Every structure is written in C-alpha cells, then in structure tokens.
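Undergrad: Model the placement of chains B, C, D, E and F on the given structure of chain A, informed by the hints.
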Amino acid sequence: MAAIPVQNYTLVITGAPYSSQAPQTALLFAEAAITAGHTVDRVFLYGDGVHLASALVTPPSDESHWPALWAKFLTDNAIPGIACIASALRRGLVNESEQKRYALPASNLLDPFTIAGLGEWVEGTMTSSRVIYFHGGG
Amino acid sequence: MAAIPVQNYTLVITGAPYSSQAPQTALLFAEAAITAGHTVDRVFLYGDGVHLASALVTPPSDESHWPALWAKFLTDNAIPGIACIASALRRGLVNESEQKRYALPASNLLDPFTIAGLGEWVEGTMTSSRVIYFHGGG
Amino acid sequence: MSKSTLIVIDQPPYGAWAGREALDMAFSLAAFDQRVSLLFMGAGVNWLRKSQETSEIEQKSVEKNLSAAPVFGVEKLYADAAACDQYSLFPESMIAGVVITESSSELIRQHSHTAFAG
Amino acid sequence: MSKSTLIVIDQPPYGAWAGREALDMAFSLAAFDQRVSLLFMGAGVNWLRKSQETSEIEQKSVEKNLSAAPVFGVEKLYADAAACDQYSLFPESMIAGVVITESSSELIRQHSHTAFAG
Amino acid sequence: MTHIHVLHILNKAPSHPRSVECLSALMPGDTLLLIENAVLAVASLNEYRAGIPVFALAPDVIARGLGECSENTTLVDFAAMVDLTAQAQQIISW
Amino acid sequence: MTHIHVLHILNKAPSHPRSVECLSALMPGDTLLLIENAVLAVASLNEYRAGIPVFALAPDVIARGLGECSENTTLVDFAAMVDLTAQAQQIISW
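In order, the protein sequences belong to chains A, B, C, D, E and F.
Mapping the first sequence onto my numbering, position 102 (from 1) lands on 102, and the numbers just tick up by one.
Positions in the second sequence are counted from 1; adding 1000 to them yields my numbering.
Positions in the third sequence are counted from 1; adding 2000 to them yields my numbering.
Positions in the fourth sequence are counted from 1; adding 3000 to them yields my numbering.
Positions in the fifth sequence are counted from 1; adding 4000 to them yields my numbering.
Positions in the sixth sequence are counted from 1; adding 5000 to them yields my numbering.
Since the hints were made in silico from the structure, they are not lab data.
A quick note: this is a predicted structure, and the numbers were derived from the prediction, not measured.
Where is the CB? At the ideal position from N, CA and C, for every residue including glycine.
Mixed in with the good hints, there may be bad ones.
[To be verified] BS3-like cross-link-like pairs, simulated, lysine-lysine; straight-line CA separation at most 30 Å:
(1) 72/A / 1072/B
(2) 2003/C / 2064/C
(3) 3060/D / 1072/B
(4) 3076/D / 3003/D
(5) 2060/C / 1100/B
(6) 2003/C / 2076/C
(7) 72/A / 2060/C
(8) 3050/D / 3064/D
(9) 1072/B / 100/A
[What the hints assert, rightly or not] Covered stretches of chain E (in silico footprint by chain B; criterion: 3 or more residues with CB under 8 Å from a CB of chain B, positions within the stretch not fixed):
(10) 4020 to 4034
(11) 4077 to 4084
The shape of chain A in the complex, shown without the other chains (with noise of 0.2 Å):
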C-alpha cells in the first residue's frame, strides 16, 4: 500500500450545532487527521455555522457541549478557529470590540475563537493542501 502524503487541511464549517450534525462530524474527522500525522491549518466558521463559536450555548446535560468540545480541540492543538465577522454579525455573534463599535449590550464569542474576514478563508485555500467543508444536511 502506498504511503499516504502529509496533508495540511482547512476545514470550513457552515452547519450550526444543535440544527445540523457539521460541526460533530468535522471534529471527528479534525481528531482523526491530527492523530493521522496530519496538520490543520485553520477552522472556519461561516453562515450558520458561526454558532459554533457561542459562549452562552447551554445544551441539556446529557447532550454533547459541541462549542466546548470544539474550543478544547482547538486549545491543545493550537489551531486557530475563525468565525467569518459578516455572518457573525448577522447572527448575533460578537466579540468586545464589536460589541463596543456597535454598542451592542454583551458579547458572546467563546474562547479561543476569533472574529475576522473572509481573507482568512482564502488565505486557507491559499495555503494548505486540502479543503474541507461541513455542510447543513438539509
């Protein structure tokens, strides 16, 4: 069996937790890569999938903590977790400084997750090797 060559992903999420299975499957398939030897370059939130990056999501007890178990991975991976800031802002999701140049009441952006432009996701398709996207299923 042939060698199987070194990938550097990027993974773009755009299902919401608790609406569509996206951001479960694509931690399954981020842990399966990175035990494979393989690297992530970035994870990129977009459209619904920006919910991903919530502090304030609360599931029932015995429900899986999807933004917790994301924010974990990302944390001892040292994997950079970006929500694209247009679908942020529409949906309600914010970080201090958008919150203060909005005059929003909180914010609520789940650490280690930032906030920026959609450069971030063609930078990712710039520089790694392979593209990942995790849809709604619909």
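TA: Positioned in the frame of chain A, the structure of chains B, C, D, E and F alone reads:
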C-alpha cells in the same frame, strides 16, 4: 362576498433570520392580520426561530433588522413574543436569569421577547382559533 | 372533529435537530393532556428503524425517546407506507407499535391541527 | 490544472441566505486576485432571472449583486442547461453575460477547488 | 369567496421533498397557497391536480422576476393571504 | 489503495436535490463517500453508476441502524475517511 370571521392567531416561527425568510414573511403576515382586524394571541419562536430574539444581531446598514422590526411590532401591539427555553439554551440565547443559573458570561435576549417552555405553545394551540407555522425554506 | 394534533416528521434522524424538537412538541401536548399522534413520512420513516447505535456519533439515540412515546401519552405512531417501501423498512426492522398508513393525506385531515418538524 | 475555484449555488434566492454568502466568497476570492467562477444549478438558476423587484419582501435584489460580478473580477457566470429548462429560464429572460453549460460535472472537474453554498 | 376545507401553505422550492409530499396530498376542496421559494413552481414544469385553486404570494413572485409567468395561479397580497387563513377550516404549513 | 481522481463527499439524504445532483455528476475514476444523512442511500432504492467505489461512514451507518444493509458499500471509520481525503486529487463536499 361573505364576511370574514375575526380570528385570533398564534404564530410559530421556526426559521432563523438571515438564514431563512420565515421571520420576514411572518411579520408581513402579522401586520396584515392586525390591519384586517384580527388579533395575534402570541408569537412563539421554536428551533432555529429563537435567533430572532437575539439582542446582538447587527446586520449591514442596508439590510432590514428583523429582530428590531419584530420587537417594535410586538411592543406596539402588546403581543407576547416567547422563545422556547429548550431551543434557546441549545442555541446560545439566554436571559439574565438563565445567565445566573448556568453561570454564563452574558445574556443576549432582546426586549420585549421572553423565554418560556413549550407550554406556551400548547396554550396557544388551545386558546387561539388559528395556528400558523413559518418554517425555514430549505 | 375533536381537537387533536398530528406532528409530522419527514426529516431523517441525527442529521438535523428539527425532528427531535418536533418530538418534544408531541410530548409537551401529551403532558398537557392534549390528544396528539406522530406521523413519519418521507425520509422521516428512518426514525423507526430498530438497533440504532449512536455512541460513535455522540448523540442520544432517538429510538429510546420514541419507544417512550406511548408511556408519555402520545396516542399513535404512524408511518407512511410508500416511504417505508422507499427505505426498505419492513415490519421486522421497525420498532414496536407503529401503524402503517396508506394515505398520509387522509390522516392529516383526521386531525384538527398539523405541525411539521421545522 | 491551474488553481481556480468554482462556487456553486443550487438554492433559489431570497428563501435562504446561503447563496448570498456564497456570492460573498466569490467576491472575496476575486478581491485577493484569485481565479473564481460561479455555477448556478438546480433551483439556483433562478438567481439569473431578469426583473427581480424585491422591495415588497424588504430584501436587496440579488440581481444587482450578480451584475457586479464581472466588475469585481469574477471570471464567468455559468448556468446548468437542464436546470434552466426545468425552470423555463430562456436566454431572453436571463441577465446578461451568463454562459450555459451542458455538463456541470465537467465544469467542476475543470476547477481545482469547488465550494457549494452551505 | 368559496368555502375552503384545507388550506395548504407551501414555502419550499419545487425540488424540495416536502414540496413533492404537499402536492401529492392535495384533494378536491383543498386550496394551495405558494409563498417564498415555492412560488418558483409557477416557472417550473409541475402539474397540479385538476380542480385545486392555486394562489401565490405576489411579493414573493415579483421578487423572483416571475410576475409574467403565473397563468394558472392567482396572485394575492398579504391581506388576501390573511383572508385565506381566516376562511379555511384547516391550515397546513408545509 | 487505488488512485482517486475526484472524491465526492455527500451528506444529504437521498431525497435532497443535492443528492440527486451529486449522483448524476459521478464519472469513472471518481469515488463516493456517504456521510451523515446520505448513508440512508444504503437502504433506499438508488442505483449508482457502475464502477464507482462507494464508501459510507460507519459511525453514521450504525447510528441509523443500517449496519446490516450495506452490500455494495464499504464501511469506513474516520481514520479511513481522512485517508481518502489525503489521497484524492480533488474533493467536493456536496
């Protein structure tokens, strides 16, 4: 032409703003219902529909602000707008009391929306003469 | 027609949450002593398959929730016959207590109120 | 195969936001001088119809956004031929500059990277 | 207005599985109201069951550039949509 | 492992329009990987284009009670899914 019987509507919104058209169709419907002399008993947000009650939604300035438009309509017409608590907690929508109970860093519920259980929907089905659902379009 | 609700689930389990939340609607009606039944149609009939083992996708099995439906007062679980054929879902591969219906359209008319999973 | 991206929109306009956000992806690639084209297939071809008047649904017209695509550096707008037939979308009812493709499958293969609207 | 037994409100595009389910559930005495993405049916090659009145929400039709294609469909505004829901005995939101 | 030209990752149920689009886009040399709701294809009455290897993600198959029905489909775990994506020249997430 026969006279149209006056109805008391419960509206249920299950599609999120900026993901589906459900909140905007529901608002234009609700305004037309009030104009025609009907009443709206309550508006119940369920599933992804709870995102309509977020105080942090910040659309671009040239796009309609559906949470703000809905909040104004509810206030002007003294109609209760209720987000389902189970849907809301899973999706990161919480009021101050849930913030305290779960030791969360912030709350993000937009006034005059409230958070309550599915019993509010059940009561709507029992007391109103018409229940209309506004789902995501898929 | 006495007041009764039909909750319709036409989306498969696990890929989305709308079905779970529709099930909660049915349980909630039953908890308030309202008449309610469930109809599974389209890809939604896959909720009814036996032997769902969900630990590897880290979700709760919907099979357990569904088997509790009669206990909580949900009157009937219906499955659309054509959809069962489409997904090779035969009586022996189905959880207990499901009623197969040849006409979902008639069933909807027999209930005063119908709500689809979002 | 030189690096190039095909953004695919197969959902109709206005009922969902995924298509708008896919368009933003195309504009963003173009802004960074990356090669990008758009493919409309399935119900997504309805993005391409002329005379969209959206003031009564209080959304911005996607027609205007799309007609700006060449200006922003998006290389081509493709429409799937079979989908245009399905939705009675004829050349005279379509915005200018759209290339009809008989094989969306071949088109996907001609691009090194494909991204669907979510 | 005529008596409406069941009013079916459909908001899904013709290719969506629930649209297919809705069209096959229509029976004589029913009325179909197309809103949002479902108004694309006026441009697509669907056949309706004969004798079912079909309405389409005008703001959605016009937004999609379909004002000229709606031959067998009556366009209604939100006020008329409200009237339809007030008159129907039963309403199903697909 | 054999060479993979295009790996198609499908996560939509068989009745979803994008599933139909995906299946009709398959060509010789391609590989199909079914995940999430798409694994229901192993129970439904679909026909695949001959000569296309079809894989299905085992955790999704087992969750849906379909472990016994997957005759023409090879079950893979997440590690094997990663291998498929690492070996494919081009990947399309439908």
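Undergrad: Each hint needs a verdict: does it hold in this structure or not?
TA: Tested hints:
1. At roughly 40 Å between alpha-carbon atoms, residue 72/A and residue 1072/B are farther apart than 30 Å, so this suggested pair is violated.
2. Of the supplied pair hints, the one linking residue 2003/C and residue 2064/C holds, its CA atoms being roughly 28 Å apart against a limit of 30 Å.
3. For the hint pairing residue 3060/D with residue 1072/B, the CA-to-CA distance comes to about 22 Å; that is within 30 Å, so the pair holds.
4. Distance restraint check for residue 3076/D and residue 3003/D: the Cα-Cα separation of roughly 15 Å lies within the 30 Å cut-off, and the hinted pair is therefore satisfied.
5. Of the supplied pair hints, the one linking residue 2060/C and residue 1100/B holds, its CA atoms being roughly 27 Å apart against a limit of 30 Å.
6. Proximity of residue 2003/C to residue 2076/C is assessed by CA-CA distance (about 15 Å); at most 30 Å being required, the pair is judged to hold.
7. For the hint pairing residue 72/A with residue 2060/C, the CA-to-CA distance comes to about 22 Å; that is within 30 Å, so the pair holds.
8. For the suggested pair residue 3050/D and residue 3064/D, the alpha carbons sit about 10 Å apart, so the restraint of at most 30 Å is met.
9. Between residue 1072/B and residue 100/A the CA atoms are separated by roughly 23 Å; this keeps the pair inside 30 Å, and the hint holds.
10. A stretch counts as covered by a chain when three or more of its residues have a beta carbon under 8 Å from one of that chain; for the stretch 4020 to 4034 of chain E and chain B the count is 0, and the coverage is violated.
11. Under the rule that three or more residues need a Cβ within less than 8 Å of chain B, the assignment of the stretch 4077 to 4084 of chain E holds, with 6 such residues.
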